[in-house]
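Colleague: Spelled out from the first residue to the last, the chains are:
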Amino acid sequence: MNIRVIKDFSFKLLGYFLILFIIAILVAITGSIIINGLHSITLKMLIENGDTTSGGIFNAIVGTWMLVGVGILFSVPIGIFSAIFIVEYGWKRYNSIVRVFTDVLTSTPSIVLGLFGYLFLVIQLGFGYSLLAGGITLGIMMLPYILRVTEISLTEVPTNIKEAAISLGAKKMDLIFRIMLPYAKNGIITSTILAISIGAGETAQLLYTAGWNNGIPNSLIKSQVAYLTYVVWAGINQPSNYSHQLAFASGLILIITVFSLIFISKYIKR
Amino acid sequence: MSIIRFRNYSVYTKDRKILDNINLEIYENNVNTVLGPSGSGKSTLVRSINRLIEITPGLKYDGEIYFKDKSIFEYQPEEIRRQIGLVFQQPNPFNFSIFENVAFGPRIHWKLKENELEEIVKNSLIEAALYEEVKDNLKKSALSLSGGQQQRLCIARALALKPLVIMMDEPTSSLDPIARNKIEDLIIKLKEKYTIILITHDVRQAARISDFIAFIYNGRIIEHSKAEEILEKPKNEITEKFLTDRLG
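These protein sequence lines map, in sequence, to chains A and B.
Note that the first sequence ends on residue 270 in our numbering; no numbers are left out.
Note that the second sequence ends on residue 518 in our numbering; no numbers are left out.
The hints are simulated quantities; they were obtained by calculation from the structure and are not laboratory data.
Warning: the hint list may mix true and false statements.
[Claimed, not checked] Below are the BS3-like pairs computed for lysine-lysine, each with C-alpha atoms no more than 30 Å apart in a straight line:
| # | chain 1 | residue 1 | chain 2 | residue 2 |
| --- | --- | --- | --- | --- |
| 1 | A | Lys162 | B | Lys409 |
| 2 | A | Lys185 | B | Lys381 |
| 3 | B | Lys505 | A | Lys162 |
| 4 | A | Lys162 | B | Lys392 |
| 5 | B | Lys452 | A | Lys162 |
| 6 | B | Lys340 | B | Lys284 |
[Said to hold, decoys possible] Distance ranges between label pairs, derived from CB positions:
| # | chain 1 | residue 1 | chain 2 | residue 2 | range |
| --- | --- | --- | --- | --- | --- |
| 7 | A | Thr159 | B | Asn385 | 47 to 53 Å |
| 8 | A | Ile152 | B | Ser272 | 44 to 50 Å |
| 9 | B | Thr283 | A | Ile255 | 52 to 58 Å |
| 10 | A | Ala28 | B | Asp446 | 56 to 62 Å |
[As the list claims (entries may be wrong)] A partial selection of chain A residues facing chain B, derived with a Cβ cut-off under 7 Å:
| # | residue |
| --- | --- |
| 11 | Asn160 |
| 12 | Ile161 |
| 13 | Lys171 |
Don't be surprised by glycine CBs; every beta carbon is placed ideally from N, CA and C.
Sequences and hints are given; from them, build the entire structure.
Modeller: Shown next, in the form of C-alpha cells:
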C-alpha cells in the first residue's frame, strides 16, 4: 500500500477518535450533572429559600436572574452605543484601541474582574456586597461580547440599503435608529442571550461582589445576593448529603438555563 | 427649461478622472437619458446630483451643479435628496412592510398624522402603478414582492417625498421584459409631473422612452441632443460606433 494512503487513513482515524473523545467528555459532564441533578432535585427546593445546607434554592435562582438583569441593563446600552460609535463615527486609530481593550477584557480572568469589582464597587463606591456590585461586575464581563457582535451586525447592514435610506434624505440618526438597528436586531438579541448565559454561569467574580443572602435582597446596594453557582461551589464542600443534592440541583438548573438560552439564540439567528 | 445644469463638473480619484468637465442640461418634464457603456461614469453622474458621492470615500470633485438655479452645495444634502429621488439598479426595498417602505421618507421629513401618511402612501403607490397589486397586503413584507414590484415600490418610495426630479440608475437591468415594459410605461407617464433622469446602457430602451439623450463615454459627454437626432444622425463617430454596435 502507498505510504500516502496510509498517512491519509491514519490521520482520518485520529480525527474521528479525537471528535469521539470530545463528545464523550461533553456527554460525561452534562450526563452526570443531569442524572445527579434529576435524582437530587425536588419541587420543594425550587420554591423555598435556603442557605446551601438546608432549605431550597429559590433565593439563589431569583438572585441569579437579578444579577444577570443588572448586568444586562449595564452592558447592553453601553455595548450598543459603543458599537454604533465605532461603526458610524469612529476613526480607525480609536477603533483599534477599543478592539484591543475589548479583547483584553474578554480574556481577563473572571477572578481578576471580581477583584476589581470588590476594590472599586464594593469598597471604594461603598456598594457593599450587593446586586449593583455583582451585577455591574457581570456587566463588565458581558460588555465585550455585546459590543463585538453588535458591531459585526451593524457592519453587515448592506450598503445598498444604507444608500437607499440616505437617498431618501435620512440623516445619520434616522439611518442608525430606523434602518441599522432594526437590521442588526437579531444579532443584538443573540448576543444579549449569549451574554445572559455566560453571566448566569459565572462564579469567581461574584464571590467578591455579591456575597450570599438566605433570602431575596431588598435593595440594590448593601444587601447581599444569593446565586446558583455559589450553591454549587459551597454545597459540594459541605459534608452533608443534602448540601450535595442542593449543589446538583443548582447545576441542573444552570445547565438547563444555559442550554435553552443557546438554543433560543440559535433559533433567532436563523 | 432646464432644472439641473452641470458646469465644468469633474469627479476624480487619486489616479483617474471618473467625470471629466461635464456640461449638461437636464430639461424639466422630459425623460433625460444618459446613455453609455458600463464604466463610463453614468452612475457617478446621478450620484453627484443627490450628493451621494460626498459620502463615498476617496472621491474628489470640482465645478458646479445647479438645481433650480442654485448650487446644490448651498442646499442641505437631505433637502436635495428629498427633491431629487434616486431609484437604484438593484431594487433595494427595506426589510419592512410595503406600507413602511413608502412611509419611511415622509416620516423622517415631516410631522404627519397617521391618516395623512396613509394618504401619501396610497397616492404614491397609485402613481407608481403598484397600488392595485398590493392594496390588500400593505402590511406584508416588501421582500415578498417580485423584482419588478419591488422596483416600482422603490419608485413609490421616492414619489412619496413629492420630489421634482426622479433619477433612475438602470432601473430595469435586473428585470424580465414584462416587468421592464411596465417600468418604461410608468416612466413615460411620470414625466408629465416629474423630470426624469434615466441612466441606461440599453440603446433600444433609450430609443423607446427618451426625449433627450446625452451620450457619455470615458467620463465625457460626447454628444447631447434630442433623442431622434442623436439616434438617427449622431455627429460623433464614437457615438455612431456605440449605437451601431449595440443595435447590431
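Colleague: It remains to establish, for every hint, whether it holds in the given structure.
Modeller: Structure-based check of each hint:
1. Annotation: proposed proximity of lysine 162/A to lysine 409/B holds, straight-line Cα distance about 22 Å (limit 30 Å).
2. For the hint linking lysine 185/A to lysine 381/B, the alpha-carbon distance of about 26 Å falls within 30 Å, and the restraint holds.
3. For the proposed pair lysine 505/B and lysine 162/A, the alpha carbon gap of about 41 Å is over 30 Å, so the pair is violated.
4. Restraint check: the Cα-Cα separation between lysine 162/A and lysine 392/B comes to about 24 Å, which is no more than 30 Å; the hinted pair holds.
5. For the given pair, lysine 452/B sits about 27 Å from lysine 162/A by alpha-carbon distance, which is consistent with the 30 Å threshold.
6. A hinted pair counts as satisfied when its Cα atoms are at most 30 Å apart, and lysine 340/B with lysine 284/B qualifies at roughly 29 Å.
7. A hinted range of 47 to 53 Å is violated for the C-beta pair threonine 159/A and asparagine 385/B, which are about 35 Å apart.
8. Isoleucine 152/A and serine 272/B have their C-beta atoms about 47 Å apart, which keeps the hinted 44 to 50 Å range intact.
9. Checked against the given bound of 52 to 58 Å, the beta carbons of threonine 283/B and isoleucine 255/A, roughly 57 Å apart, stay inside it.
10. Between alanine 28/A and aspartate 446/B the CB atoms are about 58 Å apart, so this pair conforms to the stated range of 56 to 62 Å.
11. Among the interface hints, the one on asparagine 160/A holds; its C-beta lies about 4 Å from the nearest C-beta in chain B, closer than the 7 Å criterion.
12. A cut of 7 Å between beta carbons decides the hint on isoleucine 161/A: the least distance to chain B is about 6 Å, and the hint holds.
13. At its closest, the beta carbon of lysine 171/A sits 6 Å from a beta carbon of chain B; the interface hint therefore holds under the 7 Å criterion.
The structure fails to meet hints 3, 7 from the earlier list, while all remaining hints are met.
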